[in-house]
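Two chains, two separate frames, one set of hints: put the complex together.
These protein sequence lines map, in sequence, to chains A and B.
Residue numbering for the first sequence follows our numbering, starting at 16 and increasing by one per position.
Residue numbering for the second sequence follows our numbering, starting at 1005 and increasing by one per position.
Worth flagging that the hints you see were computed from the coordinates, not collected in a lab.
Among the hints, a few may not be true.
[Claimed, not checked] According to the in silico footprint, chain A covers these stretches of chain B (three or more CB under 8 Å from chain A): (1) 1067-1080; (2) 1091-1101; (3) 1107-1114.
Since the structure is predicted, the reported quantities are computational estimates derived from the model, not experimental observations.
Every residue, glycine too, gets a C-beta built ideally from N, C-alpha and C.
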Amino acid sequence: MAELRRLLCSPRQLITLLMLTVINLALFSGYCRTAKEEQAASDVYQAEFLLQRPADYEKQAEEAEQTYLTTGYYEYLTYVEEQSVRQSVLGKLSKNSSFVTRSLEKTAKDYKKLHDVKLTKGENRGIRAVMDYRVTDLLLLIAPLLLVLELSGDSDTAIGALTRTTKRGRVPLCCMRILAIALLNSADVLLLYGGNILYAGRFFGNPGLQRAIQSVPDFQSCTARITVGGYFAGCCLMKIAALTVIALTVWILFSRFYSFLGWGIAIPLLGIQYLFSTAIVPTSAANILKFVNLASALESDIYFTQYCNLNWFGHPSGILTDIILALILALMVLILLTVLLIGYLRPGRVGQQLETVKDRIVKKLNRHLPVYSLFGFEGWKLLIAERALLTIAVCAVFGVSLWKDTRFFAQPADTQKFYTKYSGVITQENITKAEKLKIGEEDKLERDGQSFRLCMANEASEDMKDMLRTHIYFDWVYLERYENFLETMVTTKEFAQEHGFTAYLIDDDPYTKMIEESAAERRCCMLLLLFLIFSFYGIGAYDNRYDTRLLLRSTKKGRGAKLGAQILWCCILTAAAVLVCHGIFLLRLQTDLGFTHLNADMRNLAVFRDIPFRISLRGCIILLMIQRYLSALLLCGMIMLVSRLSKTPQRALLLVLVILVLPTALAESGILHMPDFLHVLSCCKSELI
Amino acid sequence: MPNKLEIRNLTKLYGDFRALDQVSFTLEPGVTGLLGANGAGKSTLMKLMTDYMKRSGGEILWNGTEILKMGYKWRELVGYTPQLQGVYDDFTARRFLYYMGTLKGMKRKDIREQTEQMLEAVNLSDAAHKKIGTFSGGMRQRVLLASSMLGKPQVLILDEPTAGLDPEERIRIRNDIAELARDRIVLLATHVVSDIACIAQNVLLMRKGKVIAFDTPAGMIANADGKIGEFTGTYDEIRALQKEYPNGEIAQYRESFVLRIAADPLPDGFRPVHDLITLEDVCHLYLKGDRDYG
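One chain only, chain B, in its complex shape (with noise of 0.2 Å):
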């Protein structure tokens, strides 16, 4: 029987502002994507599954298993990737990744072996012995990828694995974490819409502290459908109507300009369009307006 995590009703409240408001959704293997804005609850929701935090309700339950009750078995499974760039800097990235795998309980042996493969998977097996401290955002952000695949967890919780990796990289560690994702669940955070697009099993949206939607990515799509439109005329006929939809996106097509927008119901004047619906229109249709987004 495949390992599940479920969330239920789960609610953070900081004072009176609802960071977590009842969520609710259930983890299989494979990688779930979350998205949303600053602010949406992502990270909030990353700490109380890594029980970081106190919750204000609602559970978490490991394969029935209330997580709370599980304790260090619990942290045991879990791979964490923080959106902080939380590594020592007087570390070398070699040394970064021992400590790692010693405060996980790994063996020494595992430890030694684990290590070298992560350093080769994220690229850094020449620099692993050199400081934190001279590393670059992307090269810090690999050492923390690769800290969180130490160990082999079942779960593995990345909070915007891939921030400030060159595309080539990006690619490389997206197909990682696809390969990982074949008998792990993994909840991957992310700004970058084509960072899940084409690995996610399911796509979990995210606003203002809400599930808003919570599908596979060709079922999103299919549910676009009909919301996504495009207007094609001149530049300044585009640039006034970008004033009404600012999250518009505009493409140039030789001499016409289009511009893209979702909405339910489309505008007059806007042809709906039925192909090539992305993920990225979807992400538009639900979490337009809000601030940080994209």
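The shape of chain A in the complex, shown without the other chains (with noise of 0.2 Å):
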């Protein structure tokens, strides 16, 4: 039990978990919030695409759902059912594989079970949202894995060595860390994957989990009769024994090899798992290494969403019972090897030849180590000794994740094709063409009203006055954006006559989106925060972990030199950091929607009609990137001045997360309501304007 206590609650862990969890709600919350607005906005564009009224649009989404409940989903099940039987009778004849034939059977008897399944309207998105969200999952890894590479180097210590001597130092001690690495897992699941659930249905409302899986349209293939509840239990243990298998693997791995080798089995061996998961398609014959996959365990959802018979030997066994049982078995088998390896035999590693000839290599190439400006030594220590290059490399998958996740729908077609036949420069006859378009509308409007007034009169068919009625729609809609255009059109022309500048119509879109409040952003935001916390945060508390203050300050360039050039690192890191952050979103605007006229004066847009300045929109955007950058600089100021009261950079992880994190979590993720000032995102992005 000491054992448990020591590795589950010693401070080190409980901040690990700590911060693991803040972060992954950070991110999370940011995913919700993005994945919210861009459904809203997608519905928008969508019913203007297919000429329905925003309400008809939304209903006829509630009615397809509704049918999904009450028909649609039993005609599946009867669908799959009949193809399955129809082509299993084919196979016969046709003399098919005796596999394809039993597969095919077993789908129907499958699919025929769910009949009596009553289906129940809930709220799906949170579902969606926790389903879709992977980045939980690479976090799940890290507790796990710190953890077995602590214990992986006890061996090497004196205190390794002391508790083999002792009298249950060895099995039992063994037995007692493989739970506490079982119940860290359990944890680290709860916490994070645990901690989505609850938000996602805090965020988007009660998932009702009671219902059964299979109400949720995206579940229609699973065939095991559990409910929602259910299906995220089972999520959660299947979790819980991936990370456990994995954790073991890599535990014997680095204890019973040196750790070259350790990694570089390891590695290979976790990758190509992943590899397998992502590349293999579930209609692929070897798609057992697809579904008999720790990353695919990692993963869950899979085994609830998909419907597939994996061939044992000629004989059809469904990819949920296969995973269990893979599970159970490895998880058997490990905790036996574990205890054989770890436990009972000495300590010993394979490998030291390899070890031995890296020694060498190691040594020659020490020789010609470069000797570095103090700059360079400054960044070596930051990027290699601190680990910022892993930060900057994690930070770009988060990156790349971000910009495929950002979208901007593009303005209804009718204002774009304004936009592209009248953006420039305001002239007379533009104006004119705009209020003959704007005439032109309202003929059309008093057309479409005196059809439905006839329609109203001889009584004609419902579907007919609905046709009308959305036709009259569109009409106010059109009409009401022409007087608008017009609108703009001719106070900015005279605005920019009093104020002596070149008039434009541009269109307002992305530069209205570049400084309104939006979750793509403050995702972006958070990714920047997230960034400069795990980059700095050791800059100062490093010299303090080590003692070197009192011998580096002796020295010519120890104090003011140092400094700076520390400083200069994280102006430069800083910068970049920046530049990607809000470039993703910048760009994202401009691919999306496309910023036009950029010699134009900034203050052509109404939103920036009360800059008393002269500044084109270029210039507007490169003032905001510069004030962003003076404000991450500010929080990087922050960040390097805990760093610097620190004893050791752990506690000035922690110190950092709680200030500037976990405020910010809790306020992104509603929790907890803080005023605009207070808020580091809003810091992090606040409009110059």
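Here it is, written out as structure tokens:
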């Protein structure tokens, strides 16, 4: 029990779990907000694209869902069942392989059993968000891997030798440690994945844990008779088991192989699992590698959303059953191996020769080690010793996923057409043309109104009336837009004449989105904040940790020059991070919507009309980036200060996370209400204008 | 004219506590041994000499110029080995020395050359490619010592440089320091009297923030004449006496036992020793009763 307490309740472990929970919450809340905003924007876009009124579009979506719940799902079951039966008969006739026939028979049987499942309506968006968010799976790996790496280093230390001389220092201790790994994984999954479920429930609404999982259309292929709650519990258990299998494998590898060889085996072993999980399609002949796979088990929901039978020597077996059995078997084998190799047998490592070769190579290379400048050495310390390079790599991965996730919906077709025709310098000719457009639209509205009145008088069909209602609705929408365009053109021209600049009609959508509150930008800011924290938390605390301050300050460049080099690195990395993080957002805006007329005076846009000086839109974007850079530098300064005052980098990280990320994460997730000026992300993105 | 480092009325207060109280002495090329119990003010003195902390009063003059006015030019002249083993575990020994050389503002070519020389001097050439985190305490101490000697500083301030070294290494390092001190000022603080006994030109004794003696070893030994005594008796007699003189040193000669003490005046029954007085005896005489001494 003492070992359990030592491993699980140590400040280091608790800090790691807290840190991961906070980061996960911050990232997931951003994801949910973006998903919700994008869904809303997509609905508006889709409705107009399909020429439907928003209320009609919403009603239609609801009807579609209702249809799925009442008849659609059962029709789907019948269809699959019939297809399977038909194909199995055909298979028998055409002498298909026995596996294919058996698999089809099993499919028909599995789907037949589901006809009495009662589907209930509920909030599905949260379930979808939890399911689609993959970053949590990566974060889940961190805590158990850190623990097993710590444990594997134990045998090299005096304490490791000491514990092995005690009565319970071998097999019982090893068993306790296995239990500790399992418990840590449980806590890890409950905090991170459970946190996502709770947050999604709070943000999108109650997912209805008692509902049959098939009530969610994404799970229509699921043949397990479970509820939504059961699905979440199943995923949790599967993740815990997968994490434990991974942790035990890594522990064995690092305890029995020298670290060089350990990494050499562990990375390809886990990498190949991930590769199989993503690259192999479910219908492939090698799908067994995809489904009996640790990366897939960690992902876990594919076993509920997809239906597939694996070929076990000609016998079909459902993927859910297969993975459960495989995980149980792997756990049993690995527990036995761990007890045998780590607990029972004397410590010893394979790969000594390789280690000697590595040592020789390192020794030779070390002789030619470059002597850097102070700036170079401080960079080496920051990037390599303090692992900022790793942070950069991780943030780059997140950046790519952010780039993929962020999407802006283009303006309606008529607006785009209008801007294509008339954007640019506002001339009297263009104003006249716009006026004509407006008059044309007014006429159309009048005509549609008359048609509608005629329909009403002649008792036309409801469909006809409905069609005309929609026409009139869009006539109003377009008319309003043309009026706005015209007003914008006239007022901009007047304002420009008054203030002595050339009047432009500019599509203000990308510029407005650039400065207005949006979940997508907040995600970019959160990524920037996390980058700054994880890159610079150790910058001062690193010296404190090794007590080098006394020695360094006694040297010529150990004071101002050293601090100067560190600050310079912070400035450079922060500039790169600001460019990337805000750049993602701006580039997305440019790709999806497009910034136009960058040389035009920014006061051409109504939102910037109060600016008292002359500046082009390009200048405005640059100024905005500079302001964001300065805000980021301010944050960077705070992180450096906390780091310099902390005794160890770990403490610095904890302090910075508690000060900067925790309140922000709570505020972002809506749990805590915080004034805007206290909001760190507002500081990151605070608008100049 | 040889270099001169003058300390005048140096005082350091921590609140009401006087860590250093009006300390004055002058250092010239050669080794000056600094002896004192824990808390005597040795490390504080060294921190003030490297301008690590703010002093409460007094002056430190390098050839007549206040070191605070010299700024980084003073630090260019100083090589320092702190008592705490402040080295980066993630650095290899060679990289750490390169880093220290860069911080000292040395040229790259000199850094390379001197690093190899120093690694050789402290017997770390074979382990130079290994991370300091894997080193023993003695090896880390040697890395620090090598770093302090980089750049051939005019003033070497060494705070317990031989702590954690094995006897052979200790002798080797001691000889290196003696060699370096030919044309440099070396201030060497230690608990181990034998470290400075053979190489120090001067010895500085400190107690409770004050300098209580500053002289050559020979002068100190001469001053102690008549204050070191021995009592020869049976084991039981010696045990009984030792309760009175807990700092006394016991030695066994065939069947009799000898208790050697330092006291002024010597108690009755103790025979004064005139020959073979060691620096150790002098320290016993001046620092007896100080906790953590020796």
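So, going through the hints one by one against the coordinates:
Counting residues of the region 1067-1080 of chain B whose CB lies closer than 8 Å to any CB of chain A gives 3, so the stated coverage by that chain holds, three being the minimum. Residues of the region 1091-1101 of chain B with a Cβ under 8 Å from some Cβ of chain A number 8, which satisfies the need for three, so the listed coverage holds. Evaluation of the coverage hint for the region 1107-1114 of chain B: fulfilled, as 4 residues show C-beta separations to chain A shorter than 8 Å, against a requirement of three.
Checked against the numbered hints above, the structure breaks none of them.
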